[in-house]
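Model the full structure from these sequences, guided by the hints.
Letter by letter, the chains look like this.
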Amino acid sequence: MRLFLLLLFLTTSLFAYTTNDTLSQAMQQKLQLDADKITIVDFFASWCSSCKKEIPHISKINETLDKDHYEIIGIDVDKKLQDGIAFQNALKTRGHLNFRVINDPENTIVNAFNPIGMPALYYIKNHKVLKVRYGAVDDIDDIIRNDLKTLE
Amino acid sequence: MKCIGIILITLFIGGCSGMTHVKPWEKERLSRDSMSNAAGNTLVSKFDAHVYFSKEASKGGGGVSGGGCGCN
Numbered sequence: 001m002r003l004f005l006l007l008l009f010l011t012t013s014l015f016a017y018t019t020n021d022t023l024s025q026a027m028q029q030k031l032q033l034d035a036d037k038i039t040i041v042d043f044f045a046s047w048c049s050s051c052k053k054e055i056p057h058i059s060k061i062n063e064t065l066d067k068d069h070y071e072i073i074g075i076d077v078d079k080k081l082q083d084g085i086a087f088q089n090a091l092k093t094r095g096h097l098n099f100r101v102i103n104d105p106e107n108t109i110v111n112a113f114n115p116i117g118m119p120a121l122y123y124i125k126n127h128k129v130l131k132v133r134y135g136a137v138d139d140i141d142d143i144i145r146n147d148l149k150t151l152e
Numbered sequence: 001m002k003c004i005g006i007i008l009i010t011l012f013i014g015g016c017s018g019m020t021h022v023k024p025w026e027k028e029r030l031s032r033d034s035m036s037n038a039a040g041n042t043l044v045s046k047f048d049a050h051v052y053f054s055k056e057a058s059k060g061g062g063g064v065s066g067g068g069c070g071c072n
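From first to last, the protein sequence lines stand for chains L and Z. Reading the first sequence from the start, the letters are residues 1 to 152 in this note's numbering. Reading the second sequence from the start, the letters are residues 1 to 72 in this note's numbering.
Be aware that a few hints might be false.
Now the in silico label distances, taken between C-beta atoms and shown as ranges [to be verified]:
#: 1; chain 1: L; residue 1: Thr22; chain 2: Z; residue 2: Ile7; range: 26 to 36 Å
#: 2; chain 1: Z; residue 1: Thr42; chain 2: L; residue 2: Arg94; range: 21 to 31 Å
#: 3; chain 1: Z; residue 1: Val51; chain 2: L; residue 2: Arg94; range: 31 to 41 Å
#: 4; chain 1: Z; residue 1: Val22; chain 2: L; residue 2: Asp139; range: 27 to 37 Å
#: 5; chain 1: L; residue 1: Gln32; chain 2: Z; residue 2: Ala39; range: 19 to 29 Å
#: 6; chain 1: L; residue 1: Lys128; chain 2: Z; residue 2: Leu30; range: 52 to 62 Å
#: 7; chain 1: Z; residue 1: Gly5; chain 2: L; residue 2: Asp139; range: 26 to 36 Å
#: 8; chain 1: Z; residue 1: Ala49; chain 2: L; residue 2: His96; range: 25 to 35 Å
#: 9; chain 1: L; residue 1: Phe15; chain 2: Z; residue 2: Ile13; range: 15 to 25 Å
#: 10; chain 1: Z; residue 1: Ala49; chain 2: L; residue 2: Phe15; range: 36 to 46 Å
#: 11; chain 1: L; residue 1: Lys60; chain 2: Z; residue 2: Gly5; range: 58 to 68 Å
In silico BS3-like pairs for lysine-lysine, Cα to Cα no more than 30 Å straight-line [stated by the list, open to error]:
#: 12; chain 1: L; residue 1: Lys80; chain 2: Z; residue 2: Lys23
#: 13; chain 1: Z; residue 1: Lys23; chain 2: L; residue 2: Lys125
#: 14; chain 1: Z; residue 1: Lys55; chain 2: L; residue 2: Lys53
#: 15; chain 1: L; residue 1: Lys60; chain 2: Z; residue 2: Lys23
#: 16; chain 1: L; residue 1: Lys149; chain 2: L; residue 2: Lys80
#: 17; chain 1: L; residue 1: Lys52; chain 2: L; residue 2: Lys131
#: 18; chain 1: L; residue 1: Lys52; chain 2: L; residue 2: Lys30
#: 19; chain 1: L; residue 1: Lys52; chain 2: L; residue 2: Lys92
#: 20; chain 1: L; residue 1: Lys79; chain 2: Z; residue 2: Lys2
#: 21; chain 1: L; residue 1: Lys131; chain 2: L; residue 2: Lys30
#: 22; chain 1: L; residue 1: Lys125; chain 2: L; residue 2: Lys92
#: 23; chain 1: Z; residue 1: Lys46; chain 2: L; residue 2: Lys92
#: 24; chain 1: L; residue 1: Lys52; chain 2: Z; residue 2: Lys55
#: 25; chain 1: Z; residue 1: Lys46; chain 2: L; residue 2: Lys128
#: 26; chain 1: Z; residue 1: Lys23; chain 2: L; residue 2: Lys30
#: 27; chain 1: L; residue 1: Lys52; chain 2: Z; residue 2: Lys2
#: 28; chain 1: Z; residue 1: Lys2; chain 2: L; residue 2: Lys53
#: 29; chain 1: Z; residue 1: Lys46; chain 2: L; residue 2: Lys131
#: 30; chain 1: L; residue 1: Lys125; chain 2: L; residue 2: Lys79
Simulated from the structure, these hints should not be mistaken for laboratory data. Ideal placement from N, C-alpha and C gives every residue a C-beta, glycine not left out.
Rendered as structure tokens:
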């Protein structure tokens, strides 16, 4: 029975970062987050229409955030790097993308976070996940503003 | 013998679970217009929807809002 449970555990490796989890050393190095700030990590892709809709709203709130206390970074999970970069450039020319983006064509970062939906927002401070939001949300800028108030 | 059987069943079940999962960030192809029933043809799409809604006596909820990215 013990052997069965052990094998079952080994075959169902479903690790995902959720609230109160601490990022691994490797992930901390990859993301280069400022531990003292609340960082919002936004996972998006060029083919995800909900992400396209949300990014301008996230950029809008990024303009109003106190940069000493908050940071927003994007993780572009496009497998074709050139697609991701073209998508980001198109957003930038329209003024819809004003935060740092890490390209993740190998999907190593998103695999580690393992979100159940996209877009996915992770609020992180001191390398610890404070809150997670999955999926398309209307008026995401207002939602983020309220989230940050509760997390302060 | 019994132990080997348990191991094989466990590996089989584990293997099956790995075959079906498409992660939300792996749905690029699924989000393409060509992956819909009508493959991007508006007329076919409207006709399909008409037949479906007539049979189901309901409307809406037939789209893949969000590009099939697993949201909502």
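Status of each hint after checking the structure:
Taking the beta carbon of each, Thr22(L) and Ile7(Z) are about 34 Å apart, inside 26 to 36 Å as hinted. Distance hint check: the CB atoms of Thr42(Z) and Arg94(L) are about 27 Å apart, consistent with the given range 21 to 31 Å. Distance hint for Val51(Z) and Arg94(L): a CB-CB separation of about 40 Å, consistent with the stated range 31 to 41 Å. Checked against the hint of 27 to 37 Å, the pair Val22(Z) and Asp139(L) passes, with Cβ atoms roughly 29 Å apart.
Distance hint check: the CB atoms of Gln32(L) and Ala39(Z) are about 43 Å apart, inconsistent with the given range 19 to 29 Å. For the pair Lys128(L) and Leu30(Z), the beta carbons lie near 33 Å from each other, so the given range of 52 to 62 Å is not met. Under the hint 26 to 36 Å, the C-beta atoms of Gly5(Z) and Asp139(L), about 55 Å apart, miss the expected range. Taken as a hint, the range 25 to 35 Å holds for the pair Ala49(Z) and His96(L), whose Cβ atoms sit roughly 32 Å apart.
In this structure, Phe15(L) and Ile13(Z) meet the distance hint of 15 to 25 Å, their C-beta atoms being roughly 19 Å apart. At about 40 Å, the CB distance of Ala49(Z) to Phe15(L) agrees with the hint of 36 to 46 Å. A C-beta distance of roughly 59 Å is found between Lys60(L) and Gly5(Z), which places it inside the suggested range of 58 to 68 Å. With a CA separation close to 17 Å, the supplied pair Lys80(L) and Lys23(Z) stays within the 30 Å bound.
For the hint linking Lys23(Z) to Lys125(L), the alpha-carbon distance of about 26 Å falls within 30 Å, and the restraint holds. Between the alpha carbons of Lys55(Z) and Lys53(L) the distance comes to roughly 33 Å, so the proposed pair goes past 30 Å and is violated. Of the supplied pair hints, the one linking Lys60(L) and Lys23(Z) holds, its CA atoms being roughly 29 Å apart against a limit of 30 Å. About 37 Å separates the Cα atoms of Lys149(L) and Lys80(L), which puts this hinted pair outside 30 Å; it is violated.
Taking the CA atoms of Lys52(L) and Lys131(L), the gap is about 22 Å. The hint holds against a cut of 30 Å. For the hint pairing Lys52(L) with Lys30(L), the CA-to-CA distance comes to about 24 Å; that is within 30 Å, so the pair holds. Distance hint between Lys52(L) and Lys92(L) is fulfilled; the C-alpha atoms sit about 12 Å from each other, no more than 30 Å. Taking the CA atoms of Lys79(L) and Lys2(Z), the gap is about 44 Å. The hint is violated against a cut of 30 Å.
A threshold of 30 Å between alpha carbons decides the hint, and for Lys131(L) with Lys30(L) the separation of about 20 Å falls inside it, so the pair holds. With a CA separation close to 27 Å, the supplied pair Lys125(L) and Lys92(L) stays within the 30 Å bound. This hinted pair does not check out: Lys46(Z) and Lys92(L) have alpha carbons roughly 36 Å apart, beyond 30 Å. Straight-line distance between C-alpha atoms of Lys52(L) and Lys55(Z) comes to about 34 Å, which puts the hinted pair past the 30 Å bound.
Under the criterion of a C-alpha separation no larger than 30 Å, the hint pairing Lys46(Z) with Lys128(L) is inconsistent with the structure, at around 48 Å. This hinted pair checks out: Lys23(Z) and Lys30(L) have alpha carbons roughly 22 Å apart, not beyond 30 Å. About 54 Å separates the Cα atoms of Lys52(L) and Lys2(Z), which puts this hinted pair outside 30 Å; it is violated. Between Lys2(Z) and Lys53(L) the alpha-carbon distance is near 55 Å, which puts this suggested pair outside the 30 Å criterion.
A hinted pair counts as satisfied when its Cα atoms are at most 30 Å apart, and Lys46(Z) with Lys131(L) does not qualify at roughly 41 Å. The straight-line distance between the Cα atoms of Lys125(L) and Lys79(L) is roughly 28 Å, inside the 30 Å bound, and the hint therefore holds.
Comparing the model with each numbered hint stated earlier shows that hints 5, 6, 7, 14, 16, 20, 23, 24, 25, 27, 28 and 29 do not hold.
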